[in-house]
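Let the sequences and hints guide you as you build the complete structure.
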Amino acid sequence: MKLAIDSSRCKGCNLCMLVCPYRIFKEGKEQNERGIILPELDRPERCPNCRLQKLYGRTLCGLCQMICPDQAIRWDDEAKNERQKVEVEF
Amino acid sequence: MSFRDWYRADRLPTIYCAGCGNGTVINCALHAVDTLGWRWEDTIFVSGIGCSSRAPGYIRTDSLHTTHGRALAFATGIKLARPELHVVVFTGDGDLAAIGGNHFIHACRRNVDMTVICMNNWIYGMTGGQGSPTTPRGAITTTTPYGSGEGVFDLSALAVAAGANHVARWTSYHVKELTNAIDAGLRTPGFSLIEVLTQCPTAYGRRNKLREVSDTIEYLKTHAILLQRYNRLVAEGKPVPEDMFTVGEFVRRNRPAMGVPP
Ligand SMILES: Cc1ncc(C[n+]2csc(CCOP(=O)(O)OP(=O)(O)O)c2C)c(N)n1
Ligand code: SF4
Ligand code: SF4
Ligand code: SF4
Ligand SMILES: [Mg+2]
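So the protein sequences, as listed, match chains A and B.
Those letters in the first sequence? Residues 1 to 90, by this note's numbering.
Those letters in the second sequence? Residues 1001 to 1262, by this note's numbering.
No lab work stands behind these hints: they were computed from the structure.
A portion of the hints provided could be inaccurate.
What the hints assert, rightly or not - DSS-like mimics (lysine-lysine), calculated; alpha carbons at most 27 Å apart, straight line: (1) B:K1221 with B:K1176; (2) A:K2 with A:K54; (3) B:K1238 with A:K26; (4) A:K26 with B:K1209; (5) A:K54 with A:K85; (6) A:K26 with A:K85; (7) A:K26 with A:K2; (8) A:K85 with A:K2; (9) A:K80 with A:K54; (10) A:K29 with B:K1209; (11) B:K1176 with A:K26; (12) B:K1176 with A:K2; (13) B:K1221 with B:K1238; (14) B:K1209 with B:K1221; (15) A:K29 with A:K80; (16) A:K29 with A:K2; (17) A:K29 with A:K85; (18) B:K1238 with A:K54.
In this text the structure is predicted, and so the values were computed from the model without any measurement.
Below is the structure:
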């Protein structure tokens, strides 16, 4: 699965940046069409949910999604035949 | 199913300011009801007036958005008419403890079977930042421009003294612990208060040297002391670091309650 920030919901508060143990969320630079600076994702495939959420049948860690006050963080399925990027960090 | 399915997606994003803690608290509450397996049809969210009290409007179950301070009176009505329903109240420090203070203590005394989640941001957020009964001493608000000189209500201690069956305090930073505390509240028959210290960067933080969202989060993280640790320090006669607030479960008991389904 792929970690994604919903650009129609995010308000750019950067709370996700404060909690991710892998420091996947980085301060963004560019404003989107709503004038919001979304965080940037640094190798989001390191999030264990991308690999293991389906296998375990539940969300692991999930701190970013829980603290995000605007319900903007989600994991999307890969498109059909799309390759899954994998990176494991311990 | 996930907690996200409890939201009315068409109402998002919320009207809350960027970095307001209310959205986090709603996530935790919905995660708790979802993992308990409660059904939308049997669950009703009730609130008064305030930024915090807008929460039920973003949730797809039935709800009552009532008048300022009166959420608990309406919630009591639901419980007496339809005890089989699960009743969860969202409220603020102003709504619960200022205008609604009397409803609060008597709902605790009657031990009405409901779970009350209070987003305590130390301020009247919605109306632009007037001081509330939980505004800390010295804090700047629009009604205390030289710093508040008033005493402060400890909402959790108040609920324990007034007779609630379950009382816990956490913060909008401690999402896992908060979710577990809400879960315990939902499972406990009788009145449950979960007080959540929550950042309001706009009306409180801006005036009190907590301008950035991360400033209040850092404060909540570094000033929370687990109740057990606090009690140990006191028992051993050791000094408790200053300006700390206790978090954890203050009480879980089984006094006679009202509105518990037969
Ligand atoms: C009877 C009545 N008095 C006053 C108000 C104005 N009013 C609206 S919200 C509010 C305070 C809300 O504070 P709190 O419950 O802490 O909510 P917050 O916005 O901080 O989440 C007040 C005084 C009102 N709506 N109705
Ligand atoms: S779930 Fe945890 S590890 Fe994954 S992105 Fe969110 S905070 Fe980081
Ligand atoms: S916590 Fe949510 S709203 Fe805030 S910056 Fe991260 S994704 Fe955006
Ligand atoms: S005024 Fe404060 S409580 Fe209200 S939405 Fe803004 S940050 Fe949240
Ligand atoms: Mg308030």
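Results of checking the hints against the structure:
no.: 1; hint: B:K1221 with B:K1176; result: holds, 13 Å
no.: 2; hint: A:K2 with A:K54; result: holds, 12 Å
no.: 3; hint: B:K1238 with A:K26; result: violated, 41 Å
no.: 4; hint: A:K26 with B:K1209; result: holds, 24 Å
no.: 5; hint: A:K54 with A:K85; result: holds, 15 Å
no.: 6; hint: A:K26 with A:K85; result: holds, 19 Å
no.: 7; hint: A:K26 with A:K2; result: holds, 17 Å
no.: 8; hint: A:K85 with A:K2; result: holds, 9 Å
no.: 9; hint: A:K80 with A:K54; result: holds, 16 Å
no.: 10; hint: A:K29 with B:K1209; result: holds, 25 Å
no.: 11; hint: B:K1176 with A:K26; result: holds, 23 Å
no.: 12; hint: B:K1176 with A:K2; result: holds, 23 Å
no.: 13; hint: B:K1221 with B:K1238; result: holds, 22 Å
no.: 14; hint: B:K1209 with B:K1221; result: holds, 16 Å
no.: 15; hint: A:K29 with A:K80; result: violated, 31 Å
no.: 16; hint: A:K29 with A:K2; result: holds, 22 Å
no.: 17; hint: A:K29 with A:K85; result: holds, 25 Å
no.: 18; hint: B:K1238 with A:K54; result: violated, 48 Å
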